[in-house]
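Let the hints inform the model, and build the full structure from the sequences given.
So you can see what is in the structure, the chains are spelled out below.
Number of protein chains: 2
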Amino acid sequence: MAAGRIQLPIALDAMGGDNAPGCVLRGASMALIRHPGLRFLLYGNRYILEPLLADIPQLKAASEIIHTEGVIAGDDKPSIAVRRGRNSSMWLSIESVKEGKSCAVVSAGNTGALMAMSKLILRTLPGISRPAIAALFPTLRGECVMLDLGANVESDANDLYRFAIMGDAFARAVLGLSRPRIGLLNVGSEELKGKDEVKAAAALLKANTLDLNFHGFIEGNDIAEGTVDVVVTDGFTGNIALKTAEGAARLIRTYLKEAFASSPIARGGALMAYGALRAVKDKLDDRKRNGAMFLGLNGIAVKSHGGADAFSFCNAISVAVELVAHHINTRISQEITLLSEQAAAGEAV
Amino acid sequence: MAAGRIQLPIALDAMGGDNAPGCVLRGASMALIRHPGLRFLLYGNRYILEPLLADIPQLKAASEIIHTEGVIAGDDKPSIAVRRGRNSSMWLSIESVKEGKSCAVVSAGNTGALMAMSKLILRTLPGISRPAIAALFPTLRGECVMLDLGANVESDANDLYRFAIMGDAFARAVLGLSRPRIGLLNVGSEELKGKDEVKAAAALLKANTLDLNFHGFIEGNDIAEGTVDVVVTDGFTGNIALKTAEGAARLIRTYLKEAFASSPIARGGALMAYGALRAVKDKLDDRKRNGAMFLGLNGIAVKSHGGADAFSFCNAISVAVELVAHHINTRISQEITLLSEQAAAGEAV
Numbered sequence: 017m018a019a020g021r022i023q024l025p026i027a028l029d030a031m032g033g034d035n036a037p038g039c040v041l042r043g044a045s046m047a048l049i050r051h052p053g054l055r056f057l058l059y060g061n062r063y064i065l066e067p068l069l070a071d072i073p074q075l076k077a078a079s080e081i082i083h084t085e086g087v088i089a090g091d092d093k094p095s096i097a098v099r100r101g102r103n104s105s106m107w108l109s110i111e112s113v114k115e116g117k118s119c120a121v122v123s124a125g126n127t128g129a130l131m132a133m134s135k136l137i138l139r140t141l142p143g144i145s146r147p148a149i150a151a152l153f154p155t156l157r158g159e160c161v162m163l164d165l166g167a168n169v170e171s172d173a174n175d176l177y178r179f180a181i182m183g184d185a186f187a188r189a190v191l192g193l194s195r196p197r198i199g200l201l202n203v204g205s206e207e208l209k210g211k212d213e214v215k216a217a218a219a220l221l222k223a224n225t226l227d228l229n230f231h232g233f234i235e236g237n238d239i240a241e242g243t244v245d246v247v248v249t250d251g252f253t254g255n256i257a258l259k260t261a262e263g264a265a266r267l268i269r270t271y272l273k274e275a276f277a278s279s280p281i282a283r284g285g286a287l288m289a290y291g292a293l294r295a296v297k298d299k300l301d302d303r304k305r306n307g308a309m310f311l312g313l314n315g316i317a318v319k320s321h322g323g324a325d326a327f328s329f330c331n332a333i334s335v336a337v338e339l340v341a342h343h344i345n346t347r348i349s350q351e352i353t354l355l356s357e358q359a360a361a362g363e364a365v
Numbered sequence: 017m018a019a020g021r022i023q024l025p026i027a028l029d030a031m032g033g034d035n036a037p038g039c040v041l042r043g044a045s046m047a048l049i050r051h052p053g054l055r056f057l058l059y060g061n062r063y064i065l066e067p068l069l070a071d072i073p074q075l076k077a078a079s080e081i082i083h084t085e086g087v088i089a090g091d092d093k094p095s096i097a098v099r100r101g102r103n104s105s106m107w108l109s110i111e112s113v114k115e116g117k118s119c120a121v122v123s124a125g126n127t128g129a130l131m132a133m134s135k136l137i138l139r140t141l142p143g144i145s146r147p148a149i150a151a152l153f154p155t156l157r158g159e160c161v162m163l164d165l166g167a168n169v170e171s172d173a174n175d176l177y178r179f180a181i182m183g184d185a186f187a188r189a190v191l192g193l194s195r196p197r198i199g200l201l202n203v204g205s206e207e208l209k210g211k212d213e214v215k216a217a218a219a220l221l222k223a224n225t226l227d228l229n230f231h232g233f234i235e236g237n238d239i240a241e242g243t244v245d246v247v248v249t250d251g252f253t254g255n256i257a258l259k260t261a262e263g264a265a266r267l268i269r270t271y272l273k274e275a276f277a278s279s280p281i282a283r284g285g286a287l288m289a290y291g292a293l294r295a296v297k298d299k300l301d302d303r304k305r306n307g308a309m310f311l312g313l314n315g316i317a318v319k320s321h322g323g324a325d326a327f328s329f330c331n332a333i334s335v336a337v338e339l340v341a342h343h344i345n346t347r348i349s350q351e352i353t354l355l356s357e358q359a360a361a362g363e364a365v
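So the protein lines, in turn, are chains Z and V.
In short: position in the first sequence from 1, add 16, done, that's the working numbering.
In short: position in the second sequence from 1, add 16, done, that's the working numbering.
Be a bit skeptical, because a hint or two may be false.
No distinction is drawn between identical chains; accordingly, a pair holds when it is met within one copy or between any pair of copies.
[Stated by the list, open to error] No farther apart than 30 Å at their CA atoms in a straight line, the calculated lysine-lysine pairs in the BS3-like style are these: (1) Lys209 <-> Lys93; (2) Lys304 <-> Lys76; (3) Lys304 <-> Lys273; (4) Lys222 <-> Lys211; (5) Lys215 <-> Lys93; (6) Lys299 <-> Lys222; (7) Lys215 <-> Lys117; (8) Lys297 <-> Lys273; (9) Lys299 <-> Lys273.
Quick caveat, the hints were computed from the structure, so don't treat them as lab data.
Quick look at the structure:
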């Protein structure tokens, strides 16, 4: 991984998340081993951070604490967080990206507040009116990128087209694919089916003269099947589909646990199959895929799961590193510029 | 179950589905043991059905074959099926409900064609403009009803309100609940979040003076959690969420199979835990929950899974029986009438 050798300053919202600042610091320390060139700007309360850092000398040597007073709570309303949180670790860590002090920000804090602040501070890239949340999903063939996962509740055909461009760039950067297959989530694979905006987006993608590998419509079951590498949908559907699948996975896990605990012989079997079951658990481990990006902004902001542990937070940092190393926003901007030029020349938008 | 003793004529589309007519007949034969009062009108080709029936004397005694020539294929377009399929087993079996010859129709055939024909032949109930597809979903607490699963791609607040009324009636009939908890699927549980139509539907449901037990917004993960008994959403989101969850479940099943086959010791463990694993498989068995209903039509039409085996098809027949026995459409009509009266009297729609 080339990213490991580049000198990259990353801003961390050290106070964000259920396990902050402990897991943020331990995650950063793990990331430092993975990507030796990293440098961290730690935004948070110095009186809390300093004693913790003293125990992690390697991280201390690669970090700078920027003292902040305010903290955004997990249940703060985004609108209020934006108005009253200008002295918070979250706000100031995002601002460091805008000011060019850091290449990316990673936060495990309140999603709504992080999104609202990121939009306000970083603004959207030229030609993008709606940012999107993108994350990885496990499939039978590996992993796919899915977006939007809830940054918006409604999207028109042009938004969906731009989500495809952004998801393509994300898949190239994080999954290392050269020509990701892009699918548009719909209720059927036939061209006649679905919502008007989804059909219009399909027409735009089909006619695209950018370097987008459009597969066509896919259905919900195609996501885990791995039919495509990039799943494009509106934020309402994407958020609900993702959470429904997570709920179903939890249901199966609970059933399995109950079943294995139901009798001594079942417990014995589970013990024998421990290694195998552990491998499955590992494959389904959400922590490995931690790190959702707010795509379409003028800067890289990665959202870690609120309950992230150190390993999980380290992976969110890795996502940020890959996105920086692969210049994701440069790629998105180039594609959007091409699109605008084509539009100006009278081609399809 | 009182339904078992009532004399009920049920129309079966004997030619619909991947395993028709074999599984349709064997399923009907199983249903006859479960509900001894049933009588079947078998719509299909008599030259195919008669020899098969000869081997199932008990079913033969309770059935009448209505010879039909046409068959709707699984990949026929609904619009074409409707125009050219008037002599098909599907069309004529639905028509028997309209003509009062049967109380309900069950088909494992082409979903789109069945929906289009059912709408055309049976028409919607007064006050309902959009029918919805409802089905059962497993949860940590048992089962819940989810709708719409794809009859529509867009729904306004009034549609969603009516889906809640219909889902409530379905849960009372099929799950035997006296006051099902109703949840509206959204991207967050706070009142401010979500699409306009979802927020407006929540306001209508909150203000309802019918006997609806409205819980509020739920998120995707709440479905499998069993937070509510009735999950209301638009057909686009519902279809995608359901299929995404099915895909995720299949992914986990594949991972488990691979893991258990990975080594002799894992295979041994799986063998020991066979009973426990079998119990989990049984809990997740879609066949038990086979039978989706097209709600809101002037007649009962139940869709079986296309690949249904006999057990699965038998369960779809059971769903039809429960819906007939509990007079689901009478209940829906009463609620809709109440709603219209309240609207006329100037209350909330």
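Structure-based check of each hint:
{"no.": "1", "hint": "Lys209 <-> Lys93", "in the structure": "between (38 Å within a copy, 11 Å between copies)"}
{"no.": "2", "hint": "Lys304 <-> Lys76", "in the structure": "within (25 Å within a copy, 58 Å between copies)"}
{"no.": "3", "hint": "Lys304 <-> Lys273", "in the structure": "both (22 Å within a copy, 22 Å between copies)"}
{"no.": "4", "hint": "Lys222 <-> Lys211", "in the structure": "both (16 Å within a copy, 28 Å between copies)"}
{"no.": "5", "hint": "Lys215 <-> Lys93", "in the structure": "between (35 Å within a copy, 18 Å between copies)"}
{"no.": "6", "hint": "Lys299 <-> Lys222", "in the structure": "neither (34 Å within a copy, 42 Å between copies)"}
{"no.": "7", "hint": "Lys215 <-> Lys117", "in the structure": "neither (42 Å within a copy, 41 Å between copies)"}
{"no.": "8", "hint": "Lys297 <-> Lys273", "in the structure": "both (12 Å within a copy, 13 Å between copies)"}
{"no.": "9", "hint": "Lys299 <-> Lys273", "in the structure": "both (17 Å within a copy, 13 Å between copies)"}
Checked against the numbered hints above, the structure violates hints 6, 7; every other hint is satisfied.
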